[in-house]
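Chemist: Numbering-wise (the working numbering), the sequence shown opens with residue -2 and increments by one.
Source of the hints: derived by calculation from the structure; they are not laboratory data. Source: prediction; values computed, not measured. Mixed in with the good hints, there may be bad ones.
What the hints assert, rightly or not - Below, simulated DSBU-like cross-link-like pairs (lysine-lysine); rule was C-alpha separation at most 30 Å, straight line: (1) LYS172 / LYS395; (2) LYS121 / LYS395; (3) LYS11 / LYS33; (4) LYS172 / LYS78; (5) LYS376 / LYS104; (6) LYS206 / LYS20; (7) LYS376 / LYS65; (8) LYS395 / LYS98; (9) LYS33 / LYS65; (10) LYS71 / LYS20; (11) LYS98 / LYS78.
Claimed, not checked - Here are the in silico distance ranges between beta carbons for each label pair: (12) PRO301 / SER386: 18 to 28 Å; (13) ILE422 / LEU102: 43 to 53 Å; (14) LEU133 / PRO15: 44 to 54 Å; (15) ASN424 / THR138: 16 to 26 Å; (16) GLN169 / SER386: 28 to 38 Å.
No residue lacks a Cβ here, since even glycine has one placed at the ideal position from N, Cα and C.
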Amino acid sequence: MSGFIPPYPTRHPKSLGPLDIIKHLRHNLLSIWPEKAFSRQFITIKIISRQIFIANCPDAVRHVLVTKQANYEKKLPLLRKTLAPLLGDGLFLSDGGTWHKHSQLEKPLFGPEQIAQFSEVMAKTTRQWAERWASLPPQSTLPVLEEMQSLSATILCRILFGERFSDQQISQLTKAIATYQSAIEDIDLTAFFGLPSWIPSFGGNKPAKAVKTLHDLIGAAISASSPEDPTLVGHFLRLADGNLDHQQIRNETITFFLAGYESAANTLAWAWYLIAQAPDIRQRLHQELDTALDAGTVALQDLPKLPYTRAIVEETMRLYPPFPMLIREVSADDTIRGRPIPAGSVMLIVPWLLHRHTAYWDNPDHFMPERFLEDAPTKHDPFTYLPFSLGARECIAKYLGTVETTLCLALLARQFHLQTTPGQIANPICRLMLRPDNDMPMELVKR
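From just these sequences and the hints, can you work out the full model?
Modeler: As structure tokens, this is what we get:
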């Protein structure tokens, strides 16, 4: 077992009061939790007049995400208001009949045949990254988060549009995404909990310019695409006849990019940081890659031979889930564990708590990839591990995301390792998505 405990925000000895929660939410929603939240099974919080419930055990999570899923699928009104100008009726925001129709249409686009095709794009792009890294001077320092963001964005744009989408367009796209995310994160997160409107928020109209840039870029790329293209947008266009119009394809394209871009980049960046802090894990990773990959290349068919590499990815997402909090509005009165759940209240499922829960994980704060191996002595309950959510609203691109992160890590770790400086710390922060608080500068070491 690795003795490495990665950084996490200080846990409070007792629950915070409403005003302190609001204060912490402005900066980092990971910092609001008391120590006891990591052992509780169901939590009730009242802030001002708003009732908030936290499903923090497998049976309650199953109830919310599966048994009574339709009662808990609504996004909060402000979340809809904030994201709808960009995403429209894309899968993330839609519910009811629209969501069901779109999800049934799109699920086949992420089947085995398509994943195999997209994995070739992932491998080719990552090999180009490896070639560039190999050309750098010895002891070069890389901003690892920025590198992984650029890699992830390039892979996703090539999956969506092929190589006609230029590096300049990719740069424009990621800058607009960053501007948009920064703007919507300025909207005080207290509002996402449905708290009173008199609590100030700061979003204004700043996202509008970024939305126009994104719509123009994506819209033009879709117009230049053909149903015959072997790309994800090509697949979308083949669904267009009576099913999806141009605007809906644009919405689904942006939803796919927004959900996949930063989550893959952050997972890869965290994985490099964790591996650098745990020499025993790095050695086992390199041993697996050197043994399983005789030719030195990695493709989709090689991934079953890399269980430890995949376990590192899964353990990274356990410690640093890309979406650490799922927030829903309760549609109708319900009861969970004997507690009345009134309509209009807020229901949370918090992977940040579930993934580190003392009742469901041994040494929950340790970096231990072996817990995800087939021969692990203890198997986790599936409703305690949900980096991609679960149930009907589970991310339809879950397998694609896991293939991407595993393949990229394997291809790059086959030739390099990344080394931190003594005492270097990357702290997790979160407003809407979890990310490190710096660019993770690390020294590139060629193997």
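Chemist: Taking each numbered hint in turn, which are not upheld by the structure, reported in ascending numerical order?
Modeler: The structure breaks none of the hints.
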